[in-house]
Amino acid sequence: MSFPWAKHYEPTHPFMQWMDQKLPLPRLVYNAIGAGYPVPRNLNYFWNFGVLAGAALVIQIVTGIVLAMHYAANGAVAFDSVEHIMRDVNSGWFLRYAHANGATMFFIVVYLHIFRGLYFGSYKAPREMVWLLGVVIFLLMMATAFMGYVLPWGQMSFWGAQVITGFFSAIPVVGEPIRQWLLGGFAPDNAALNRFFSLHYLLPFVIAAVIILHIWALHIPGSSNPTGVEVKDEQDTVPFHPYYTAKDGFGLAIFLIVFAVLLFFAPNMLAEPVNYVPANPLSTPAHIVPEWYFWPFYAILRAFTVDFLWVPAKLWGVIAMFSSILLLFILPWLDNSPVRSTTYRPLYKWFFWLLMFDIVILGICGMKPAAEPWVRMGQIASAYYFAHFLIILPIVSRIERPLPLPNSITEAVLAKHKAA
Amino acid sequence: MIRIIAFLGGLGFVAALLVGALMPREAVEEAVTEKFFKEHKHVSFTTDGPLGKFDHAQLQRGFQVYKEVCSACHSLRLVSFGDLTGIGYTPGQVKTIATEWTQEQPSINPDTGEAATRKNLASDKFPSPFANDVAARAANNNAVPPDLSLMAKAREGGAAYIYSLLTGFQEPPADLPKDSRPGPGLHYNPYFPNLNLSMAPPLVNDGQITYGEGAPKPTVDQMAKDVSAFLIWTAEPKLEARHRAGIATIIFLLIFAGLCWGSYQAIWANKEH
Ligand code: HEM
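If you read the protein sequences in the order shown, they are chains A and B. Residue numbers are given in my numbering: position 117 of the first sequence equals residue 117, and the series is strictly consecutive. Each number in my numbering comes from the position in the second sequence (counting from 1) with 420 added on.
Any given hint could turn out to be false.
To be verified - Pairs of lysine-lysine residues, derived as DSS-like cross-links and limited to a Cα-Cα distance of at most 25 Å, are as follows:
hint, chain 1, residue 1, chain 2, residue 2
1, B, Lys691, A, Lys416
2, B, Lys691, A, Lys232
3, B, Lys458, A, Lys368
4, A, Lys368, B, Lys461
5, A, Lys368, B, Lys573
6, A, Lys418, B, Lys691
7, A, Lys22, A, Lys7
8, B, Lys658, B, Lys545
9, B, Lys691, A, Lys7
10, A, Lys368, B, Lys455
Worth flagging that the hints you see were computed from the coordinates, not collected in a lab. The structure displayed is predicted, hence computed values, not measured ones.
In isolation and in its complexed conformation, chain A is listed as follows (with noise of 0.2 Å):
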């Protein structure tokens, strides 16, 4: 579906005529994000995260498929094939720093991309289902995050996978079948090494299907806006092409100047430095702490220290963690509110900014070694990480009185350039 005053696509050179009888690939490209495709005129930055973290994920193909033509995925060679990237392939330096620093990058722009999607209220109706495919990117994301960093098999890479897949024997009875079924063994070594870096080429692939879906689920309603009123008329839209072509193209460009600064002058500023050892299965690290992306989930999953209800407190923390990102799936219906963004909502407001301190806190306490002040910290932010989701969103909702709405998205930039 697309707005009635949509433009349509009339190739008039003969060659791009004989296409479009052919194979209509011209005019799916320009009904998906050309001209052909109305979008609210009132996007501000936060839509832009979309498009930069496609590019994220085109940077990480592009410099994966290079490395992998130089890396060795074997316990014995793994450490110094990637040594052999960084010393005596042309650029190979580039290539790795660009690869590492770019999960950073798609990470940001990911966490910025599901930040607009909870305070503008793109999860819900009628984006629930580009919404929920966005979490099913969101989790891909995070195994092939996981595998990848385990490929350089340096410490951190080894004692992380240890104790990633420890999270399966907290299951009772199976978990440890299951654990040593995934690693194929008792430890990860090579075995676990070729399977992780498998699916490490694999995932990259199924999350650029997703996205697909995700996409083509969007351009069902078309994009929300700032103000999450619906578009009324031909008023509010612009042709993506050439508006938010131009827009996006500005902010790709910001985008590469921070990777850049990243990438050339601050390459190891995320890196842990023990990951600079070989990975060696007889000596632990002082502190096993995952990347920074994993921080939050990390702080969750250390956060139950009691057995509680017969459920030991490891189970706990593995449940939880799961459903710290799980619960996305259940978004759409625990907020009823019919608003979207948050701008109007005077109470849900506050509990949201409350919400993003809450992360912060659980991010820094996942970071931190588990000792005390971090340990009850982190278990008082995640109990209002779920108290949020779980308990007060859908009350909220319910008891809320919403501030009254601009009648449409072209009022509502016409009020805002009269006050400016």
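Keeping the supplied structure of chain A fixed, place chain B with the ligand upon it in accordance with the hints.
Positioned in the frame of chain A, the structure of chain B with the ligand alone reads:
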């Protein structure tokens, strides 16, 4: 229905967490290692900052320290003799360094097939001073001297940590508890996370090494700084190329961003948004 299940699940998590949070904590005493541990010293290197460069003269002095002192115990297994052209040695000099290196490469006797050694070639990596870890342990108070190739990236603090470690050996303080005092073969150094390590102070006397003409005086401090700078290079030989490529890329991207901003403004000129 979904909200009821979510509500109950939420209560479960919150209850389990709050019970955990309310549990009294056992008082933990600050570990001795934490109390006496010192954060690395602050020292600057020519490679610092976005315009940082290698100082070839310093790297060559640092290499000399490695060669004359550290190489007795530490390997440099990721670096080859040929790589030394990157710090200003000519291929001829590299060849001499390789052939004159005391530790030879393991090899076999071409006639009998028995284990033997041969002289180093420029394409060889630096040979390890010990045949294997067992030999290394036996010679070093049961500790394996770690490979130094990546040391400047493999420790918190990097090269500044190495410098602090080399200049930080000292008498243990009087109030150090008895079981944290260095045992036989161990040496007290507050910059080392465990406080006591198996490496004897490798740089002890000013002038322990003779630097060439025009070089600064080889004080312990200077030698430590030089070898730390050398280890920055062994860990990140492409650092200078990276900085140069970075400056060019950023200039290009700034121009690109300017052009994008211009077209964005031009296209949206008559459209309030
Ligand atoms: C969703 C996209 C991707 C993410 C988030 C991701 C993430 C990562 C991470 C975090 C690492 C470890 C970084 C390091 O310390 O080196 C890594 C390494 C690696 N990745 Fe990816 N990756 C992605 C896509 C790909 C693709 C498409 C390929 C190949 C087709 C690939 C191939 C590799 C290889 C060969 C390594 C090991 C080399 C190295 O350590 O630098 N990756 N990846």
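Now for the hints, and whether the structure bears them out:
For the suggested pair Lys691 (chain B) and Lys416 (chain A), the alpha carbons sit about 13 Å apart, so the restraint of at most 25 Å is met. Among the hinted pairs, Lys691 (chain B) with Lys232 (chain A) is consistent with the structure: their alpha-carbon atoms are about 17 Å apart, no more than 25 Å. Proximity of Lys458 (chain B) to Lys368 (chain A) is assessed by CA-CA distance (about 19 Å); at most 25 Å being required, the pair is judged to hold. Between Lys368 (chain A) and Lys461 (chain B) the alpha-carbon distance is near 23 Å, which keeps this suggested pair within the 25 Å criterion.
Of the supplied pair hints, the one linking Lys368 (chain A) and Lys573 (chain B) holds, its CA atoms being roughly 21 Å apart against a limit of 25 Å. Note on Lys418 (chain A) and Lys691 (chain B): the hinted pairing holds, with a Cα-Cα distance of about 14 Å set against a maximum of 25 Å. Note on Lys22 (chain A) and Lys7 (chain A): the hinted pairing holds, with a Cα-Cα distance of about 21 Å set against a maximum of 25 Å. Distance hint between Lys658 (chain B) and Lys545 (chain B) is fulfilled; the C-alpha atoms sit about 17 Å from each other, no more than 25 Å.
Distance check on the hinted pair: Lys691 (chain B) and Lys7 (chain A) sit about 18 Å apart at the alpha-carbon level, within 25 Å; holds. Between Lys368 (chain A) and Lys455 (chain B) the CA atoms are separated by roughly 18 Å; this keeps the pair inside 25 Å, and the hint holds.
Violated hints for the displayed structure: none, as all numbered hints are satisfied.
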